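Enquirer: Below are the chains, spelled out letter by letter.
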Amino acid sequence: MALDKTYLEYPERSYGMDHNRYDWDMLSNRKPIIWPNDKKIALWVNVGVQFFPLNQKGIPFKVPGGMTKPYPDLRHYSLRDYGNRVGIYRFFKALDKYNVTSTFAMNTRLAERLPYLTGTLKDRGNEILCHGYDMDKLHYGGQNLDEEKELVKRSLDGLRNLTGQDIKGWVSPAKNESENTPDILAENGIDYFCDWVNDEMPYNFKTKNGNLTAMPLTTELDDHFIILNNLHSAEDWAHQVQDAFQFLLQETKTQGGRILSLNIHPWVLGQPHRIKYLEQILEYLGSHEAVWSASSNTILNAWKNN
Amino acid sequence: MKEDPGYYDYWPYENRPKIKWPNGAKVAFWVAPNIEFYELNPPDNPFRKPWPQPSPALPGYTSRDWGNRVGHIRQMELLEKYGIRGSISLSTALCDHHPEIIELCKERNWEFFSHGIYNTRYTYGMSASQERDMIKDSIETIYKHTGQKCAGYLAPALSHSENTLDLFAEVGTELFGDEAGFYSCDLFHDDQPTPINLRSGKRFASIPYSLEMNDTIAYLVQKITPRRYGQELKDNFDRLYAEGAESGTIMCIPTHNYQVTNAHRIKAYEEALEYITGHPDVWVTTGKEIASYYLDTYYDASLEDINQKTKKYGAR
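As given, the protein sequences belong to chains F and V, one line each in that order.
The first sequence maps to residues 1 to 306 in the UniProt record's numbering.
The second sequence maps to residues 1 to 316 in the UniProt record's numbering.
Think of the hints as simulated: they come from the structure by calculation, not from any bench.
These numbers were taken from a predicted model, which means no experiment stands behind them.
The beta-carbon is built from N, C-alpha and C at its ideal position, and this holds for glycine as well.
Hints are supplied without guarantee of correctness; some may be wrong.
As the list claims (entries may be wrong) - Output of the computed footprint for chain V on chain F, the stretches with three or more beta carbons under 8 Å from beta carbons of chain V:
hint: 1; region: 165-179
hint: 2; region: 215-224
hint: 3; region: 241-248
Unchecked claim - In the DSS-like style, the derived pairs of lysine-lysine whose C-alpha atoms are separated by at most 30 Å in a straight line are:
hint: 4; chain 1: F; residue 1: Lys-31; chain 2: F; residue 2: Lys-253
hint: 5; chain 1: V; residue 1: Lys-267; chain 2: F; residue 2: Lys-31
hint: 6; chain 1: V; residue 1: Lys-49; chain 2: F; residue 2: Lys-175
hint: 7; chain 1: V; residue 1: Lys-20; chain 2: V; residue 2: Lys-311
hint: 8; chain 1: V; residue 1: Lys-49; chain 2: F; residue 2: Lys-5
hint: 9; chain 1: V; residue 1: Lys-223; chain 2: F; residue 2: Lys-62
hint: 10; chain 1: F; residue 1: Lys-31; chain 2: V; residue 2: Lys-106
hint: 11; chain 1: F; residue 1: Lys-168; chain 2: F; residue 2: Lys-122
hint: 12; chain 1: F; residue 1: Lys-253; chain 2: V; residue 2: Lys-234
hint: 13; chain 1: F; residue 1: Lys-93; chain 2: F; residue 2: Lys-149
hint: 14; chain 1: F; residue 1: Lys-122; chain 2: F; residue 2: Lys-175
hint: 15; chain 1: F; residue 1: Lys-69; chain 2: V; residue 2: Lys-49
hint: 16; chain 1: V; residue 1: Lys-144; chain 2: F; residue 2: Lys-5
hint: 17; chain 1: F; residue 1: Lys-206; chain 2: F; residue 2: Lys-153
hint: 18; chain 1: V; residue 1: Lys-149; chain 2: F; residue 2: Lys-5
hint: 19; chain 1: F; residue 1: Lys-276; chain 2: V; residue 2: Lys-267
hint: 20; chain 1: V; residue 1: Lys-81; chain 2: F; residue 2: Lys-39
hint: 21; chain 1: V; residue 1: Lys-223; chain 2: F; residue 2: Lys-175
hint: 22; chain 1: F; residue 1: Lys-57; chain 2: V; residue 2: Lys-49
hint: 23; chain 1: V; residue 1: Lys-267; chain 2: F; residue 2: Lys-253
hint: 24; chain 1: F; residue 1: Lys-31; chain 2: V; residue 2: Lys-81
hint: 25; chain 1: V; residue 1: Lys-234; chain 2: V; residue 2: Lys-18
hint: 26; chain 1: F; residue 1: Lys-39; chain 2: V; residue 2: Lys-49
hint: 27; chain 1: F; residue 1: Lys-62; chain 2: V; residue 2: Lys-149
hint: 28; chain 1: V; residue 1: Lys-267; chain 2: F; residue 2: Lys-175
hint: 29; chain 1: F; residue 1: Lys-62; chain 2: F; residue 2: Lys-175
hint: 30; chain 1: V; residue 1: Lys-136; chain 2: V; residue 2: Lys-149
hint: 31; chain 1: V; residue 1: Lys-49; chain 2: F; residue 2: Lys-206
hint: 32; chain 1: F; residue 1: Lys-149; chain 2: V; residue 2: Lys-49
hint: 33; chain 1: V; residue 1: Lys-106; chain 2: F; residue 2: Lys-253
hint: 34; chain 1: F; residue 1: Lys-276; chain 2: V; residue 2: Lys-223
hint: 35; chain 1: V; residue 1: Lys-136; chain 2: F; residue 2: Lys-5
hint: 36; chain 1: F; residue 1: Lys-253; chain 2: V; residue 2: Lys-81
hint: 37; chain 1: F; residue 1: Lys-57; chain 2: V; residue 2: Lys-144
hint: 38; chain 1: F; residue 1: Lys-69; chain 2: V; residue 2: Lys-223
hint: 39; chain 1: F; residue 1: Lys-5; chain 2: V; residue 2: Lys-2
hint: 40; chain 1: V; residue 1: Lys-144; chain 2: V; residue 2: Lys-81
The shape of chain F in the complex, shown without the other chains:
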């Protein structure tokens, strides 16, 4: 028994990364960032507004949070729908009560299906990011290039048209990409994307069509990840957010401003038994003197202007 001899060959074994998308650059070596009014922590709350189709195809994999039972998986379909009917209105109230700015990463198919909710988001005027077409339209390695180009264009044209916003931010469903996704996004007027969670701060990401900025929308504090993947309670989620905030605040004393990003979902934290923990966090962070609550685009511009 032996493996092919190429298994012991290492063509990318040299300085820096094993690809050419961005430079190897340790966070601690970078120039400290100063946020407006010398706030220490930029708080970026992003709400995933998602459509999980009942007739999920699962190509090339079942999206985390999607259907898991044989068709028709009514339990998962309707529980996700709960977020867009009920949970999100709890989110709006909580965000407004504690004066926390939020962005909304929206599936275009959801915007097409729910004009009332899309209108509400338009009226609120918060920044909207495109979250792909729907949660089952994954971007993945080996995907046909023309097919993916059409998918990105359809997603962005549709959402720009329905929201009236010139969408500049992108989050792929499941934060999954093909080898071409960044090039296609740059070609379609996207400035920043949130799929590469390998940093705590923005950084330059090279594409064939100019640079994008990778924005750090961490998965580690995502409510879906902590509550439904790790099976922790909503109270445990709140503890983890508090501990993260305290640590980042400490780190700003020696390393400049930091970003605390909270990616949350109305079908998870919007439940009656969980919403109070989100409210506690929003109250705590929203009133903290070191916190600057802002949209991703605003944070990105402040970072660029440093």
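Based on the hints, put chain V in the right spot on chain F.
Expert: Just chain V, lined up with the frame of chain F:
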């Protein structure tokens, strides 16, 4: 395939020759940060898929890259604060990719031991000669970049063959005689060091490294909360400290920069480190120092005790 790997004999955890660590310490405590490089496009291995999604598998890759870009410094500063020198389980290709990290660890006199070339290249399916070449490459790389003669081994991604421990010991001997290749972190059968039977007869020890205290097992497999993890570290220590009064034990915390140093997790880890190093009878040390001390001081007595008991009660 064998019913039993044959590396060690049954040796009950009672009435063993008493171990006394330096300065009367009850527990030898070491921290083993895994500093790893995972590839974006690793070649296929017939026995294990490197990533769940087709490449580029962003969720896994970006999390590991975060560990090197952000997490490493956090853990290094934390260990320094509590007077702990890391014993690094190293994906040795990282010497080429991220030499800055290697330099920072060298400056602090940390130990480097081999964890293969990349954590996305598995031992599964390799011929003995391929595995030998891979191990040799890793030991030579450590020597070239750090001047250290690699003493320990943890197989890449804990992927093993029947030859792994023998090959590691033999390549160590070939390159540096008895100064390299004399301990393994691959076995989890004990809370004390134990002699390992090798075909070469080399003096070689298993140093407990602990899957149970491993942050990746705690966070990705058990999926426990950070505060729970911190408490488990303290509980693990309390018991080993108490038992160490009878005969010295070992506690290891194996970590990963992409897990334990996340902003929401590092506080719980720090509290445990503060607690453990705050006890008087703790030998805060490295894997290599434990292995050397054991081989010099207790290895022969252990072997003799094992042989006597095996004779008396029969082999397993």
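Enquirer: Hints first: check each against the structure and report whether it holds.
Expert: How the hints compare with the structure:
Coverage of a stretch by a chain is defined here by at least three residues with a beta carbon nearer than 8 Å to that chain's beta carbons; for the region 165-179 of chain F and chain V the count is 6, and the condition holds. Counting residues of the region 215-224 of chain F whose CB lies closer than 8 Å to any CB of chain V gives 3, so the stated coverage by that chain holds, three being the minimum. Coverage of the region 241-248 of chain F by chain V holds in this model, with 7 residues showing a Cβ closer than 8 Å to a Cβ of that chain against a need of three. In summary, the hint linking F/Lys-31 to F/Lys-253 is supported, as the alpha carbons are separated by about 13 Å, within the 30 Å threshold.
Between V/Lys-267 and F/Lys-31, the direct Cα distance comes to roughly 25 Å. Compliance with the 30 Å bound is thereby established for this hinted pair. A threshold of 30 Å between alpha carbons decides the hint, and for V/Lys-49 with F/Lys-175 the separation of about 20 Å falls inside it, so the pair holds. At most 30 Å may separate the alpha-carbon atoms for a hinted pair to count; V/Lys-20 and V/Lys-311 meet this at roughly 26 Å. For the given pair, V/Lys-49 sits about 18 Å from F/Lys-5 by alpha-carbon distance, which is consistent with the 30 Å threshold.
Distance check on the hinted pair: V/Lys-223 and F/Lys-62 sit about 21 Å apart at the alpha-carbon level, within 30 Å; holds. Distance restraint check for F/Lys-31 and V/Lys-106: the Cα-Cα separation of roughly 25 Å lies within the 30 Å cut-off, and the hinted pair is therefore satisfied. Restraint check for F/Lys-168 and F/Lys-122: satisfied, since their Cα atoms lie roughly 15 Å apart, inside the 30 Å limit. Restraint check for F/Lys-253 and V/Lys-234: satisfied, since their Cα atoms lie roughly 29 Å apart, inside the 30 Å limit.
Restraint check for F/Lys-93 and F/Lys-149: not satisfied, since their Cα atoms lie roughly 37 Å apart, outside the 30 Å limit. Under the criterion of a C-alpha separation no larger than 30 Å, the hint pairing F/Lys-122 with F/Lys-175 is consistent with the structure, at around 25 Å. For the suggested pair F/Lys-69 and V/Lys-49, the alpha carbons sit about 25 Å apart, so the restraint of at most 30 Å is met. Among the hinted pairs, V/Lys-144 with F/Lys-5 is consistent with the structure: their alpha-carbon atoms are about 24 Å apart, no more than 30 Å.
With a C-alpha separation of about 20 Å, the suggested pairing of F/Lys-206 with F/Lys-153 holds against the 30 Å cut-off. A hinted pair counts as satisfied when its Cα atoms are at most 30 Å apart, and V/Lys-149 with F/Lys-5 qualifies at roughly 27 Å. For the proposed pair F/Lys-276 and V/Lys-267, the alpha carbon gap of about 24 Å is at most 30 Å, so the pair holds. Taking the CA atoms of V/Lys-81 and F/Lys-39, the gap is about 27 Å. The hint holds against a cut of 30 Å.
About 21 Å separates the Cα atoms of V/Lys-223 and F/Lys-175, which keeps this hinted pair within 30 Å; it holds. For a cut-off of 30 Å, the pair hint linking F/Lys-57 to V/Lys-49 stands: about 22 Å separates their Cα positions. Taken as a hint, the V/Lys-267 and F/Lys-253 pair is honoured in the structure, with Cα atoms around 16 Å apart against an allowance of 30 Å. Taken as a hint, the F/Lys-31 and V/Lys-81 pair is honoured in the structure, with Cα atoms around 24 Å apart against an allowance of 30 Å.
Proposed proximity of V/Lys-234 and V/Lys-18 is supported: the alpha carbons are some 24 Å apart, at most 30 Å. Of the pairs offered as hints, the one joining F/Lys-39 and V/Lys-49 is violated, with about 45 Å between alpha carbons and a cut-off of 30 Å exceeded. A distance of roughly 47 Å separates the Cα atoms of F/Lys-62 and V/Lys-149; the hinted pair therefore is violated under the 30 Å criterion. Restraint check for V/Lys-267 and F/Lys-175: satisfied, since their Cα atoms lie roughly 28 Å apart, inside the 30 Å limit.
In summary, the hint linking F/Lys-62 to F/Lys-175 is supported, as the alpha carbons are separated by about 13 Å, within the 30 Å threshold. Annotation: proposed proximity of V/Lys-136 to V/Lys-149 holds, straight-line Cα distance about 12 Å (limit 30 Å). Taking the CA atoms of V/Lys-49 and F/Lys-206, the gap is near 28 Å; set against the 30 Å cutoff, the hint holds. At roughly 28 Å between alpha-carbon atoms, F/Lys-149 and V/Lys-49 fall within 30 Å of each other, so this suggested pair holds.
Taken as a hint, the V/Lys-106 and F/Lys-253 pair is honoured in the structure, with Cα atoms around 26 Å apart against an allowance of 30 Å. Taking the CA atoms of F/Lys-276 and V/Lys-223, the gap is near 23 Å; set against the 30 Å cutoff, the hint holds. Distance check on the hinted pair: V/Lys-136 and F/Lys-5 sit about 16 Å apart at the alpha-carbon level, within 30 Å; holds. The straight-line distance between the Cα atoms of F/Lys-253 and V/Lys-81 is roughly 17 Å, inside the 30 Å bound, and the hint therefore holds.
About 51 Å separates the Cα atoms of F/Lys-57 and V/Lys-144, which puts this hinted pair outside 30 Å; it is violated. In summary, the hint linking F/Lys-69 to V/Lys-223 is supported, as the alpha carbons are separated by about 23 Å, within the 30 Å threshold. Restraint check: the Cα-Cα separation between F/Lys-5 and V/Lys-2 comes to about 27 Å, which is no more than 30 Å; the hinted pair holds. Simply put, V/Lys-144 and V/Lys-81 have alpha-carbon atoms about 29 Å apart, close enough for the 30 Å limit, and the pair holds.
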